[in-house]
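Chemist: Residue numbers (the working numbering), protein chains in the order written: chain A, 1 to 175; chain B, 1001 to 1290.
Hint data in this document are derived by calculation from the structure and do not stem from the laboratory. None of the values given here were measured: they were computed from a predicted structure. A virtual CB, placed ideally from N, CA and C, is assigned to each residue, including glycine.
Derived DSSO-like pairs: lysine-lysine, alpha-carbon spacing no greater than 30 Å straight-line: (1) B/K1100 with A/K169; (2) B/K1273 with B/K1138; (3) B/K1119 with A/K156; (4) A/K156 with B/K1003; (5) A/K162 with A/K127; (6) A/K169 with B/K1098; (7) A/K127 with B/K1119; (8) B/K1004 with B/K1142; (9) B/K1102 with A/K162; (10) B/K1035 with B/K1119; (11) A/K134 with B/K1242; (12) B/K1098 with A/K162.
Here chain B is said to cover these stretches of chain A; the calculated rule only asks that three of the stretch's residues, wherever they fall, bring their Cβ under 8 Å from a Cβ of chain B: (13) 85-92; (14) 124-131; (15) 145-159; (16) 162-170.
Which stretches of chain B does chain A cover? Using the computed rule of at least three CB atoms under 8 Å from a CB of chain A, they are: (17) 1005-1019; (18) 1047-1057; (19) 1102-1108; (20) 1158-1168.
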Amino acid sequence: MGILDLTSMGEPQVDVKREIIGQLERLQDEIPEYCYQCAKCTSGCEAHRLLELEPHRIIALLKRGLIDEMVNSDIIWTCMSCFKCWERCPQKIAPVEILFLLKNYAVALGKQIPGNYTAALQSVLSKGLIQDVKTISTRTGETKSRRDVGLPEITKPVDPVKFQALISKMAVEKI
Amino acid sequence: MTKKTLVFYPGCIMQTEQYSYEISLREILPVLDIKLVDVEGFSCCGEPLKSVNRMITLVLSARNIALAESRNLDIFTPCPICNLAFRECKNILDNDDKIKEKVNGFLAEEGLTYNGISKVIDLLELLYDIVGLDYIKKHVKKPLDLKAAVHYGCHAIRPSEIGRSDDSEEPRKIEDILEVLGVEAPWYPEKLDCCGGLLNMNLPETALTKTGEKLRSIQEQGFDLLVDICPWCHRQFDSKQKKSGETVAYSLNLPVVYLTQLMGLAFDIPWGKLGFNLNLSPVNTLVEGR
Ligand code: SF4
Ligand code: SF4
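Bound-form chain B, shown alone:
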């Protein structure tokens, strides 16, 4: 029985390169009775352009929400950056009819109207609050015996003023989900450190230094892997792990996986169906023999 049907908003980075996130989401959510509806016509959420012009961000977010609203469904935004943009947009438009009217004047060019009827849901809210730990637990067939470092990513937990799905200083939802999968996820000092991802736009070397420094500390502390939920962070930690290791002159070999990939493994979905061949970090150790 379908528990909830949601419009799937993939955002740019996931759908243009972070395929293992999308593959694993599309694989595990049906198991949890969540149905995703694909909608034609989405654009960038606008958040990466906020430094250039905040109004572009607002209008692009409103445009995407309006498009999703035409389906009368809530919107699922697995990328925390898109989610933040949409929630901020809703906070502004739902509380200011004048701006809303103005924005709708622009959206009319494409025959769209922003109403504010759809909720915007991120991965943590979906898994933890809508699906729930008990329901996830029911589907765990092969508990994983691993010790993971968790990386939430800045946008998933801050700024709380805009409304995030977990605590800004002591987030716990990923750890709680991991526990259900049999994965131990102890606190570590660098847990809330930024991956540097957004600096890729103008200072890519520094971005890689941030990434490499965090990966090095995690590796030195003896974790089996790093678990993340943001395509921007994952691109740094996994896709660019080799480069970031070179940047900090350290030999990095830390498996990095999306939470959704790990859930799939625990659900006993074959790893070939979870995009594990696309992780560039050494995830072999996690999937060998499965």
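With the rest of the complex left out, here is chain A:
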């Protein structure tokens, strides 16, 4: 199972794209009723100062239907998932969730998945875990495995084939 099949949720991606865009368009219809553009979300945004993310502007762009512009921009990948925008919004709009949707849409459109997401995804799909078990270093520079420090074997999918079957079934049939 290649990563593309899974990230695209099976060729030709049409269903996933349609589903996500449907959700985004529903939000686009609803949000103008609620968002004050008060920018409280942006005032507490963890990615604002260093990376110039402005969640209230994401909402404004969504209102105007500029979904493609956002999907093509790196800015959607600067969110740290701190959830402050959702928590503090007086209208309980969740810019962070809209950002998740936009990123999902970018992936479904076949855009480049940035950084380690690809490796993490591949690792989860092939082994069930986000990374391999590591031999780590002590403060004095000795290396230690889980066994060395008295920990039991890790827990991971017992039958990787069946585990992958589950994920691919989901990829093909969707939710």
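Go by the hints and put chain B with the ligands onto chain A.
Modeler: Coordinates of chain B with the ligands only, in the frame set by chain A:
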């Protein structure tokens, strides 16, 4: 007497590299009469992949919960990120039979069924609400005379809509536990600032800047140490402290420990049994002479 028996869901980061968290948990929880049951077959909770595909997150969470449910026990998720994924999954599946049925169709590939019978419990709920301060206090043999900065981590306290175990703006449970250990934990302005950990996935330099900036402010305010409960945050603050100091061009030397390690010290468990040799930040000052 065992107070509660729980399935132990370690999540990826703890079991693949954050050993001091796992070691200290396995050491202190039996003292508090909490029994952990290890279960074979768990996978990633899915939360770190939510940016790629939210449905993978939902299905992976459901899969793990289903696996734990087969033991008829509640599930303990010490990692706040896994905990958030599981709670969100439960909120969705327990309120929508159609999605639940669909997800169960996938889980059938591995012979699993999600029922929604198990509760998902995080560290704060376990220590504060289930074990309780009085019971913790009973086991404190060597109160610690320290001044700590507390870092909850974003996922432990937000979003409250999904159901978190402490207040999103003024969380207090860690401070209350620390007080019982003899540790003073005053408020500081950067308390709720993010560690930047999830940015490691695509913008690791910025992640390190966030980490370094927070550590610098804490160090400048004269705290003896930083206490955390999230393996992603701890990886930033402790495992990557040196790198984050280089990134913000500041000489960092702030001891960073898991709450569970500190509890172990106060319970008079030898520090060698609490994973203190694995902290990469300068924790020597905390354990020397003990
Ligand atoms: S999303 Fe909420 S916080 Fe942000 S501008 Fe709109 S109303 Fe204000
Ligand atoms: S969740 Fe993302 S968009 Fe919202 S405040 Fe945090 S970093 Fe900003």
